[in-house]
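Enquirer: With chain A's structure known, arrange chain B on it following the hints.
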Amino acid sequence: AQSVAQPEDQVNVAEGNPLTVKCTYSVSGNPYLFWYVQYPNRGLQFLLKYITGDNLVKGSYGFEAEFNKSQTSFHLKKPSALVSDSALYFCAVRWGGGGNKLTFGTGTQLKVEL
Amino acid sequence: GAVVSQHPSWVICKSGTSVKIECRSLDFQATTMFWYRQFPKQSLMLMATSNEGSKATYEQGVEKDKFLINHASLTLSTLTVTSAHPEDSSFYICSASPDRTGEQYFGPGTRLTVT
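If you read the sequences in order, they're chains A and B. Just so we're aligned, residue 1 is where the first sequence starts under the numbering used here, counting upward by one. Just so we're aligned, residue 1 is where the second sequence starts under the numbering used here, counting upward by one.
One chain only, chain A, in its complex shape (with noise of 0.2 angstroms):
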């Protein structure tokens, strides 16, 4: 069954600094692997994903994630963090044989504060 880890309840950086985000996965087979992120109250709006190709992967809100296959790791970064970043973030994983299933890690708060 495939798994995904995000190790950090929150984590807590300053704007102008780089801000990293951890996901690590367990999958059986070639992982697709997603970040979204969560305003309060609000539904899941989709950031990256990583399917095949670079492991470099940029999306929306000049985040990238960086997929790391010997550490099965897919960690969500910014270079530069700002107040408005501050939200819940979500690593995901689908795999082949799954359908289009997602699998959601327990979320990371993120406040940037000034």
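Hints are computed from structural coordinates only; laboratory data are not their basis. You may find that some hints are simply not true.
Capping the alpha-carbon separation at 16 angstroms, the derived lysine to aspartate or glutamate pairs in EDC-like fashion look like this [what the hints assert, rightly or not]: (1) Lys101(A) x Glu103(B); (2) Lys101(A) x Asp65(B); (3) Lys77(A) x Glu66(A); (4) Lys41(B) x Glu8(A); (5) Lys41(B) x Asp9(A); (6) Lys20(B) x Asp65(B); (7) Lys101(A) x Glu59(B); (8) Lys22(A) x Glu64(A); (9) Lys49(A) x Glu103(B).
Anything over 12 angstroms on all C-beta distances counts as not near chain B; from chain A, calculated [said to hold, decoys possible]: (10) Glu15; (11) Gly16; (12) Arg42; (13) Thr106; (14) Gly107.
Note that this is a predicted model, so its numbers are computed, not measured. Think of the CB as a built atom: it goes at the ideal place given N, C-alpha and C, for glycine as much as any other residue.
Expert: Chain B only, in chain A's frame:
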């Protein structure tokens, strides 16, 4: 493109009553729709997957008689919470996909409060 709406955005109902939540794909046909439940500060838990014209597939532990899912058309799925109780209070999110292997596009969610 790929917009999914949910209605209502929030609802308060009394214990013992039923409430229906609609999920619509506005600019594409959704072969598959998913229903999730999210408790405060927790992850999304998949409740069921529905394919247009067929019965929904429920995840383990989800009561199919309590959470009725209908996917009658390629743009509409409904979730009915029957005989709601306070423990059913939660944030319900749907997503829709244009095919069985494609992207999921998420609705804005519905906040259900059962008093």
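Enquirer: State the violated hints by number, sorted upward, taking the hints as numbered earlier in the document.
Expert: 2, 12, 13, 14
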